[in-house]
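Participant: Residues per chain are reported as follows:
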Amino acid sequence: MSSTDQAKGSRAFYSNVRSSLQETEKVNRRDMLGLFMPMIRDAAVNEFGGFEELRRHVKNIKQHSLDNLYHYLSQFVEEAKSNGNHVHFAQDSSEMNSIVLDICQQHDARRVIKGKSMVTEETHLLPHLQSAGLEVVETDLGEYIIQQAGESPSHIVGPALHKSVDEIRELFMRKHQLGERELEGPAEMVAEARTVLREHFLKADVGIIGSNALIAESGYSMLVTNEGNGDLCANLPKVLIICTTMDRVVPRANDAMALLRLLVRSATGQPVTCYTSFYSGPRQGEDTDGPIETHIVLLDNKRSDILDSDYREMLQCIRCAACLNHCPIYIGAGGHAYGSVYMGPMGSVLTPLLTSLEESNALPNACTACGRCAEVCPASIPLPDLLRDLRHDETRAKLSPTRWRVGMKIHAWLLSHPWLYHKLTALGIPALGWLGRKKGSFKSLVLANGWTDERDFPAPQGRTFMQQYQSQRDDNEDAG
Amino acid sequence: MRAGNQHPPQDAPRFQVALYVTCLVDLFRPSVAFDTIQLLEQAGCEVTVPTLQTCCGQPTYNTGDYESTIPLARQLIEAFEFADYVVVPSGSCAGMISHHYPKLLQDEWRERALALAAKTFELTTFLSDIAKIEKAPGDTAPLPSVTYHDSCAGLRELGVKAQPRALLKELCNLEVSELGQTEVCCGFGGTFCAKMPELSGKMASDKLDSALATGAKVLAGGDMGCLMNIAGRAKRLGKNIEVRHIAELLAGDLDGPAIGEGKQ
Ligand code: SF4
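Just so you know, the sequences run in chain order A and B.
With this note's numbering applied, the first sequence covers 1 to 480.
With this note's numbering applied, the second sequence covers 1001 to 1264.
In short, the hints are calculated from the structure, not lab data.
Treat the hints with care, as some may be off.
Simulated restraints, written as ranges between beta carbons of each label pair [as the list claims (entries may be wrong)]:
| # | chain 1 | residue 1 | chain 2 | residue 2 | range |
| --- | --- | --- | --- | --- | --- |
| 1 | B | Glu1178 | A | Arg252 | 31 to 39 angstroms |
| 2 | A | Arg252 | B | Thr1048 | 52 to 60 angstroms |
| 3 | A | Ala426 | B | Gly1238 | 32 to 40 angstroms |
Below, computed lysine-lysine pairings styled on DSS-like, alpha-carbon distance capped at 25 angstroms [said to hold, decoys possible]:
| # | chain 1 | residue 1 | chain 2 | residue 2 |
| --- | --- | --- | --- | --- |
| 4 | B | Lys1119 | A | Lys409 |
| 5 | A | Lys439 | B | Lys1239 |
| 6 | B | Lys1103 | A | Lys409 |
| 7 | B | Lys1135 | B | Lys1103 |
| 8 | B | Lys1132 | B | Lys1119 |
| 9 | A | Lys26 | B | Lys1195 |
| 10 | B | Lys1161 | A | Lys398 |
| 11 | B | Lys1119 | A | Lys439 |
Glycine included, each C-beta is placed from N, C-alpha and C at the ideal position.
Go ahead and model the full structure; you've got the sequences and the hints to work with.
Facilitator: In structure tokens, the structure reads:
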């Protein structure tokens, strides 16, 4: 997907949601996700015990790291270089993509294997490399599946969660040379993917991975995976490229571990992922394996702007997806509706900040302010507040529909004139109540069509409370 | 003042309460405000209703029009700051006053907002934790089976969860049949329900399905916005469940039609 498609995707959000609600089977599958993921997260958090305390600790770590970002970033760069890494800065997506392509071309690479990385999805690295003639294979099972299907991720942790087992079987039958073989259950499908991927691992010239944390004191990069594919991407090819962003920096290894304890429980309800790896740099002296050359590409892409804005807290995000799993809008809409690599509450904040509010202003409006995301966010990001602040920016920039904006102004003006407001409502409301007295609600109502599209509008009981209360008081005064 | 003892209403009141009825109750369901007054008086409160009240400003605030919300917040503060206690039969309006006014306003007004926040309570919290009501105001006729929708703002901003259940138990001897996924939003979200009607409708349907699965006759809640959303959806889909404000149950006011029901 090109970046213009992405922009369109965000703008088209409302119509995307309407269509995705039509796909009953997928809706049901997402509903199950919305039921199941919070359950396993809750169980993991309860079993852990000191989650709240650790959450406060991690918030402090992230805030401290961001407050002193340039300090820790330069410490990281210095350490990483002294470990033998090449470090590059990329201002924006296209710069990151060209840096990576250059490295590949310098090594005459033809085959690239890639671990799961949201940053490279953000920059659309894969099509960039492919159009230069490179063969790029995703090695995370979920990413591999959607690559085969020609789709984009629907979830930041489980990119292929939108696909059913049957769909995946069909896909493999179509794409792999299976001959007479049938793929029975998920275990056989995983084995099949493993066999195919092993070939790619062994033949690749360059491996690309992401990073969950950059440790300033050592210059190491931490990555968690459940499949171990990250390690194979990092260690088998002769060149390793780590694509990440500057906001991943934390001061110490201990900080990365604290973050890890929250991340995994929040993401998949596991106490720890199957593989947690720390990459220091290229093979040294006596080492018998590992890459010969390693590169770390640090992407900014508006993060410095976010750092200097009122939305700095968003950079605390550790990409656990708990906010997605707990968001009824995400569950209803599905990840693809967002038209962005980031989705759910975190995406509805990030996408407008990374693109522009003009392109993505539908997203911050897709929120009932229910607050469940902020309640579970391990990084303590006040997501509903940030979404509302984006709506404030939207209002001030006059990007919201005029009828909403003007309607709100008139509404507020009337409300700030209590006497007039009570007079008018004392006229209108009893009339409305009288009209609706038999049925008790309206099937349609002028000016309320957004409401009555999907539900009846309950009729008022009759006279307003203020009206009744006032006349009771008048009666009492007359009697007294 | 005798502590811990329930006072008959004719005794000297224990609490001076200013009632913020909220715009939805004022316009659509005044009976909830009368029930609230009865409950507060039963709990030994003297209730006044400031007449300069309109809306707390949630709709403009949530749409992102902070500028239009500020005068509404100030107006409400001015109308209510005289009171010892402010009681609100809505979690989201009480949350707006106690959580969001201090964020919205600055300087002197912020101080005044914080002072008001400290004495503002959602109805069931006030009855249960502060006034410690012990007896229902009327005879509690045998009540129908009930399930409870925890409105999001009350639940997460104010921690309203145990209070309505405790009151139903103590005053009405009624055990709540709990909803599945009770922590999930009903899809109202103020202007959200008009901006994304289809998704909002799906969420309301999910809520209704959970409610019907409990087998309860009544779905109660503490926020008119959510209740009107759920009742309206039930009417549209022809689902049979009575939707009522918790104050109606506690006050035994069940003769009139439920929300969205007609008078036949
Ligand atoms: S915003 Fe919070 S909950 Fe959402 S992905 Fe980021 S860290 Fe996780």
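Participant: Can you give the numbers of the hints that this structure goes against, from lowest to highest?
Facilitator: Going through the list in order, the structure violates hints 1, 4, 7, 10, 11 and respects the others.
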